[in-house]
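Taking the hints into account, I'd like the entire structure generated from these sequences.
Single-letter residue listing:
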Amino acid sequence: MFHKRELKVAFKVSIPVMMGYSVLGFAFGLLAVSSGLKWYFAILMSIVIYAGALQFLAVSLLSAKTGFVDIFIASLMVNLRQSFYGLSLLQKFKKAILKPYLIFALTDETYALLTTVKTEKNIKKKWYYLYLGMLNQSYWVGGTIAGSIFGSSVHFNTKGLDFSLTALFVVLAIEQYKQIKKFTPFILGGVVSIIGFVTVPKNDMLVVSIGLALIGMFILKKRIENE
Amino acid sequence: MSDYEYLLLAILIMSIANYITRVFPFLFFIKHEPPKIILFVERNFPPIIMSILVFYTLTNVNFSVKPYGLKEIISIIVTILLHLKFNNYLMSIFGGTIFYMMLVQLI
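First to last, the protein sequences are chains E and A. Going letter by letter, the first sequence gives residues 146 to 372 in the working numbering. Going letter by letter, the second sequence gives residues 937 to 1043 in the working numbering.
FYI, nobody ran anything at the bench for these hints, they're computed from the structure. Please note: incorrect hints may appear among the correct ones.
Distance condition first, Cα-Cα at most 16 Å in a straight line; then the derived EDC-like pairs of lysine to aspartate or glutamate [what the hints assert, rightly or not]:
#	chain 1	residue 1	chain 2	residue 2
1	E	K366	A	E978
2	A	K972	E	E370
3	E	K183	A	E941
4	E	K210	A	D939
5	E	K210	A	E941
6	E	K183	A	D939
Distance ranges between label pairs, derived from CB positions [said to hold, decoys possible]:
#	chain 1	residue 1	chain 2	residue 2	range
7	E	N371	A	N1023	23 to 33 Å
8	E	I364	A	N998	27 to 37 Å
9	E	T344	A	L1017	30 to 40 Å
10	E	Y322	A	I973	17 to 27 Å
11	E	K239	A	N998	47 to 57 Å
12	A	I1010	E	V193	36 to 46 Å
13	E	V214	A	N998	20 to 30 Å
14	A	N998	E	S283	33 to 43 Å
15	E	F295	A	M1038	12 to 22 Å
16	E	A209	A	M1038	21 to 31 Å
17	A	L1020	E	Y185	32 to 42 Å
Chain A stretches covered by chain E per the calculated footprint, using a threshold of three residues with CB under 8 Å from any CB of chain E [unchecked claim]:
#	region
18	993-1002
19	1011-1025
Here the structure is a predicted model, which is why all the values come from computation and not from measurement. Heads up, the beta-carbon is just placed ideally off N, CA and C, and yes, glycines get one too.
Put into structure tokens, the structure is as follows:
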């Protein structure tokens, strides 16, 4: 059955995400193709991974031919922040349709919409959730298709485009600061990065820094908690 | 292993890792609250990993030869200022990137 009213409400709620996801998806497609990845791999990633920060990072990981274990650890760590989103949705998702997909589609933005936007009482929530999840992913995939095709057909000087990855993480770090209002985690992150930077080959820097950061967190636990 | 196989496997691993992070609470915390230590890591690790990732994206920059990573540092400052001023992540990311592209292509 097709639930038109639920789709309409979901579409209206998803409009702000449409802007963000199609543009950022486009940028991802463009970056992936310009770094040598085939367009269909970029699109595949947006379909089966569907995580902005991780996919941008993946462009670097893949072009550096990073090992599978390192890729696995880095992927878990980058997305650790979303591993508790579900907590506040356990109740809402109890009667969900295609629950495994809904959980898969739980990006930062979808989570924000699901937990903050109030909808009219008389719509079928389970369809509304499903449509919202699918619409948001369709913007992301649509943007990626456009970006990767544009990138493989139009040729221009993309030198420096990979800075978008740096810029993305800078922005995410600022957003983290706004939430947590503490300096210690950032200083710790900077220190372990520099240690990783100078002590091990650059391919190992990420995983080594993550390991050091986890150790550092427990050494500085009191300080971080009380700041 | 061919390039093709490497990419397919790597993408599969990333999608599994990503799904694990999203499905985690639905598997383990349906009945009880997560332990304090996990909440501590969950709350405080994201800012650490974001700062590590900023550095990670700069691993190809050589800070010991001219211009000593100055282009990257200036572009990061531009990105930060844009984000603090307009608070619009698209504008910050694209503004910072276009600024950097101009720096490396024109100078």
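Requested in this report: Against the earlier hints, flag every one the structure doesn't satisfy and list their numbers going up.
Outcome: none
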